[in-house]
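Peer 1: Chains as they are written, first to last, in this note's numbering: chain E, 1 to 292; chain Y, 1001 to 1292; chain Z, 2001 to 2292; chain P, 3001 to 3292; chain X, 4001 to 4292; chain R, 5001 to 5292.
None of these hints come from the bench; they were simulated from the model.
In this text, all values refer to a predicted model and were calculated from it rather than measured experimentally.
Think of the CB as a built atom: it goes at the ideal place given N, C-alpha and C, for glycine as much as any other residue.
Fair warning: there could be bad hints in the mix.
Part of the chain Y face toward chain Z, derived, beta carbon under 10 Å [unchecked claim]:
#1 T1019
#2 L1057
#3 L1060
#4 G1062
#5 L1277
Number of protein chains: 6
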Amino acid sequence: MENQFAGHAGDDIRAQVLTAALPYIQKYTGKVVVVKYGGNAMVNDGLKEAVMSDIVLLSLVGIRVVLVHGGGPEISAMLGKLGIESRFVDGLRYTDAQTAQVVQMVLAGKTNKDLVSLIGVLGGRALGICGIDGGMIKARKLEGKNDLGYVGDITGIDTRLIEHALSDGYIPVVATVGTGEDGTVYNINADTAATEIAAALKAENIITLTDIRGLMRDVSDDSTLIPAVKTCELDALIAGGIISGGMIPKVRGLEKALESGVKKAVMIDGRVPHSILIEMFSNEGIGTMLTL
Amino acid sequence: MENQFAGHAGDDIRAQVLTAALPYIQKYTGKVVVVKYGGNAMVNDGLKEAVMSDIVLLSLVGIRVVLVHGGGPEISAMLGKLGIESRFVDGLRYTDAQTAQVVQMVLAGKTNKDLVSLIGVLGGRALGICGIDGGMIKARKLEGKNDLGYVGDITGIDTRLIEHALSDGYIPVVATVGTGEDGTVYNINADTAATEIAAALKAENIITLTDIRGLMRDVSDDSTLIPAVKTCELDALIAGGIISGGMIPKVRGLEKALESGVKKAVMIDGRVPHSILIEMFSNEGIGTMLTL
Amino acid sequence: MENQFAGHAGDDIRAQVLTAALPYIQKYTGKVVVVKYGGNAMVNDGLKEAVMSDIVLLSLVGIRVVLVHGGGPEISAMLGKLGIESRFVDGLRYTDAQTAQVVQMVLAGKTNKDLVSLIGVLGGRALGICGIDGGMIKARKLEGKNDLGYVGDITGIDTRLIEHALSDGYIPVVATVGTGEDGTVYNINADTAATEIAAALKAENIITLTDIRGLMRDVSDDSTLIPAVKTCELDALIAGGIISGGMIPKVRGLEKALESGVKKAVMIDGRVPHSILIEMFSNEGIGTMLTL
Amino acid sequence: MENQFAGHAGDDIRAQVLTAALPYIQKYTGKVVVVKYGGNAMVNDGLKEAVMSDIVLLSLVGIRVVLVHGGGPEISAMLGKLGIESRFVDGLRYTDAQTAQVVQMVLAGKTNKDLVSLIGVLGGRALGICGIDGGMIKARKLEGKNDLGYVGDITGIDTRLIEHALSDGYIPVVATVGTGEDGTVYNINADTAATEIAAALKAENIITLTDIRGLMRDVSDDSTLIPAVKTCELDALIAGGIISGGMIPKVRGLEKALESGVKKAVMIDGRVPHSILIEMFSNEGIGTMLTL
Amino acid sequence: MENQFAGHAGDDIRAQVLTAALPYIQKYTGKVVVVKYGGNAMVNDGLKEAVMSDIVLLSLVGIRVVLVHGGGPEISAMLGKLGIESRFVDGLRYTDAQTAQVVQMVLAGKTNKDLVSLIGVLGGRALGICGIDGGMIKARKLEGKNDLGYVGDITGIDTRLIEHALSDGYIPVVATVGTGEDGTVYNINADTAATEIAAALKAENIITLTDIRGLMRDVSDDSTLIPAVKTCELDALIAGGIISGGMIPKVRGLEKALESGVKKAVMIDGRVPHSILIEMFSNEGIGTMLTL
Amino acid sequence: MENQFAGHAGDDIRAQVLTAALPYIQKYTGKVVVVKYGGNAMVNDGLKEAVMSDIVLLSLVGIRVVLVHGGGPEISAMLGKLGIESRFVDGLRYTDAQTAQVVQMVLAGKTNKDLVSLIGVLGGRALGICGIDGGMIKARKLEGKNDLGYVGDITGIDTRLIEHALSDGYIPVVATVGTGEDGTVYNINADTAATEIAAALKAENIITLTDIRGLMRDVSDDSTLIPAVKTCELDALIAGGIISGGMIPKVRGLEKALESGVKKAVMIDGRVPHSILIEMFSNEGIGTMLTL
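Just need the whole structure built from these sequences, with the hints factored in.
Peer 2: As structure tokens, then:
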């Protein structure tokens, strides 16, 4: 990396950033941090490399980071090639038996292993797993007002595989398919899986990469970013329309994780390079932090 | 299971089988056994369940079993659906860039996870991994007289991930794709990968499931089965045409594993239900055993 | 062992026996099983070797087996040679001071060490101990309507010596003499000692070798064997005369072991070779199983 | 214990004895000391209790003491009662098959367990074992100019059982019978067994209790005791008749133990109460010390 | 050490002292014993060496001994050299800011390290620490009817440093200065610190070296020594004037230690050489023992 | 700390500093770094706090930092108060017996404990030790052309105490006095002690805080700083006068540490706040780095 701030002034800045960062590094060392990865940060190759590079750096300083990813665009592309129609109901993919097989194959065999490979090239050691491995994610058919086919509702997380992977020094990269008692494979929403996994692991922190700066009073005005929210304020924010649409289930998932023992939940802007490092290791943080 | 041999006679038989089996069980407990799984035993659902059931039983009595699988038919089927032509050169699949991606996706995302799921339904705990995970299988382009595209030649096996999985109580199920230093994905022959993995693990035993009874002097006459062969006899058997065609590289791979410290290599008939149990836990064994 | 059932049929049988046995082997591995050894199986050299061979096989597959033995015939023979009269009161040996010394000497010095030696010849590693060692069996004079001299009533079992022996990889072979607080040596009934030891160890299983097939509705008709009994049924069976005489205290002892945490108590026919293996590792079992 | 030296003078003496003793206690803590016990100290009940009391005290302060005992008088008495003639050849008991059984029974079942019981009464925890247990003492027929029947020549000591016993906190009490490969039981000389065990354990110290004060230039004059001898001086002492008769093999056995790594060998007077404590924990020691 | 009691009589005495001492040695091995060291035993070089020699012997036999020392005379001498007036209020040194610095410097840098050095010369391994190290002694200004300046009242003992030192094999030598939350250094009374440390460590025993024989009904008559006192008798003894003046807070401190879990508290005569050994390792003990 | 660089630009800088720093943090985690502390950074209270703050931050991220300090000014001040003349020979303090006592007292009791206290106030846990503790620094009289009295030449470093302190989670703060075999206390040069300690610990890094920017070709021109030097260039730099005076022994000491296995030696400007953090955790480093 080229040195953009040389000399005594640069030394001051470095000292200041490091003095601020070291206590956070110490605070997180040995702790579990779950990163939910999706959106723009997943389709832009430069951002993808920046995120994976941050993940590797976190693991280098002893943080037990778990990467949970989605993969909608790749699934849609493969369904297209196979001539299978993508159908969405209430914003969720309707998953027939044939689609469920494609979801498993693409998520666990392509998206997941590609991330594992990239982490390897960047100097990390990752293990790509899905909810089938070690019976990690148990699920049943999600019941709702509309039938979604093989979309699953999580009934249990067996965290042993993730914990083993972390203890053995791997970065677990998790594709979110799950299985029923009889072996039926279900397609699981990645946000939901990430919050359930964070809750089951009693993670220190769950970080969700999104395509916006965070919660904002006025979406068009960055200066209206809400840096911190208490869960008790959520009802009012939803009632006031500040939180709406697809953001509601995301926020409710994070709330549930906090209630299960996760210490902190943050939504950060996946479009900002290295936003994970800035969030975790500086006094200011970025995005919106949710706490009990 | 229904009792087909009741009363005192049955007791005699049970006592005899058990008295014979227990020392073998004790011999293998804690030892690594690599099973190469392919052929008919992989496409027939009844045989597939019998093999996975044997794998689960081996792990129940403390044997550290590693399952290495192929997946040709499923790959061919998917390539067909995607309208990509399957082309074979010298009996090996020519693998262009697009095909390599499909191989990775199908082997690691479908075949592999389906086996993991079946083991789970049968009461075992498996972890599906491929050569990308933890940088397990390092490869480079296989050089030969004909170009095979992204077919890989193994340059190194990092056994740590398999060893961690075994220590943590999982049955590692291995899909044989590998990566180059730059992250390029290669398609790896499963027989070759199984013997290299067995050698790297210094396995006690490598068992290859095939579609014949073993080495036979006359393929059409089961009574000509050769139960045991020394590696020093291989040259003569090949010269005499007893070993020929695709069997030659299989046998040479097993020979190499033995030379690297594996104690015993056997080829058994995957079409016989529970042939793995019979091979490992009875005085007679079945198939052909190869030793130094 | 000669192969009495060759070819495909033999393979089927082997697969069937092994498929049935392996889950039991896994179930018992690492668990404590107490075997009470006495009767015909102790005086017939062929049966003695078959029993000791089973004991060695159990220990080979990781079962923590404890052998508790009697020794009446050898004691009587030695008393005879020494010109000391054997006298029985209520079916128990009247034990004067001189007899108590002979009991200790023969049980702990001859019967016990001979079994240890035989286990060694069969490939096992045994440690012969008696209730004096490590203060294992504490006793006081048994009070009853008739004076029995130095016959002891167990007041406490210190299981540490047995647990140390098991952890160190030995098969503990236990001669049942005990000591009072002042060092007085008492003669202890082996059935009683075995059930108290099983209870104190919270054994998985206690197996009593007897000279009959098990509990039978008609002693002269093998087909009337009662394969399983609940302890709540014992009163009725005693009242009905099905259980009578010396069998009553044996059964009550097993009942007490079950109430103290032992999972299963079985009485099997010591005259059937390898009856221990058949009982433990097949679906049918043999003899009579007693559970809560 | 009554206080025979009260007041300031007593304090001086206590301080002096303790100041002298503590470094020795520290020196021996955690070290293995083999005590060969026989002779008068074994037949006199008061001396027996004093010796066992010393053994218990040694173990209390963390010394890993191993007690190896003989038992000639009790064996002779039992043979007498059984009407079997005791015959001695070259000072060693001629042991026919019947005698060998009695030796095993009396040594391992009576003498040994009586010592274990006495140690228990005095507050220690002992484990009585013989060479049969755990295959500890392997032997073959002793060949010499005269046939001695089942008198054994030690071919190997497997120290694991003793080491396990010591690690588990027991005082191993060893009866010296051994077994051949086929399970034949041999009568082993206790002095020889003690030196071989000390050598195999690389003991810090071997202490032999005898019925004389030590090596003396004039047996009738206590003032001629030789407090320390180098092994290089033994030839001259034997040539000069100072060491003669049964003392020669004892001394040669100790010499062999020293050559195998035992640090110090001492012969002390078993007739002096607490001679073990005085030897080990005072500046002067008693008896004769043999070193390389 | 010269041998003042040779021959058989000497052997008897040694055996008697050792037989009495060994159970005490065993009792204290691995236990924590706090020794409060001050008074004449600290200024007389011969006594100082005898005490340090006892401390080394205790640690040799595995006792976890903690030495807490005062240092009044050396502090007074240094204050004198620096021309700072020593002023006492109610028997405690008035400590202004300048004096507090001298107290820290002399206690922690001179008295403490000189003791560490002497222990090293005598063969022990000591670690000199003060209440500042590892934040061991937390204190605040002692409030009372008269202002004492920087004299501290202990608010907490963090025992980890002492426990680490003991586990690592060092004899902790403790200088009694402490710090407030803001780093202010306080002068702490050594008797108080010793009892608080003993209480926090749940020590087995606290031994206070004083300049008298113990509690005496008539200070001028040694025969009126009270060898043992229960804490419930203290009120009466104080009311009766038997315990008076500076002895009252000492005794109350020991009482508090007992109430916090210390098993035994003794005051012994530091003027008697090796009084610590005699107290701990003989039946009689010396001085006065205080128990609940 | 106030935020001097807010907004997106600040985020960029933070990301850049952190991305650069994390690999260094990972590199040093668990490694031993010795910091030699003296000069201006020791007498200026602001710099002292910045240095101690850096030390605490290093320990927070798992670096095993050892602080070795001098203390000349405080020693001189105390000698002055006590009316003892400070005399220097060849730049080293002539140390008579009286001076040696003052050196020990001030260094170990005042300077050392004051640093420990400051580290404690800043949130770290330190243990103040000197070469007397645990016999850490063994020394003899330094022989040279002029007599220096009790100035010591190090004969051995026993690193166990430092290693124990590090393992137990303390920052060892080392005052450089040492002792001879007879307990004589010697005054040891802190630069020499630091390099010997670093060598004995096979430290990863030794950092010497000085009052200049590093080695400079022209002392008056900061731009002539030599950022890196190989030890093979030292002779030429000394011959050329670039390294001269008191800098020669400092540089030679660092050279010796490198030859003993220390990986890197750096001299940095103690007058720059947080120079330790900048040196260790940025790409540029500061000062002069010396390597083999």
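Peer 1: Of the numbered hints stated previously, which ones are contradicted by the structure, given in increasing order?
Peer 2: Nothing - there is no hint that the structure violates, so all of them hold.
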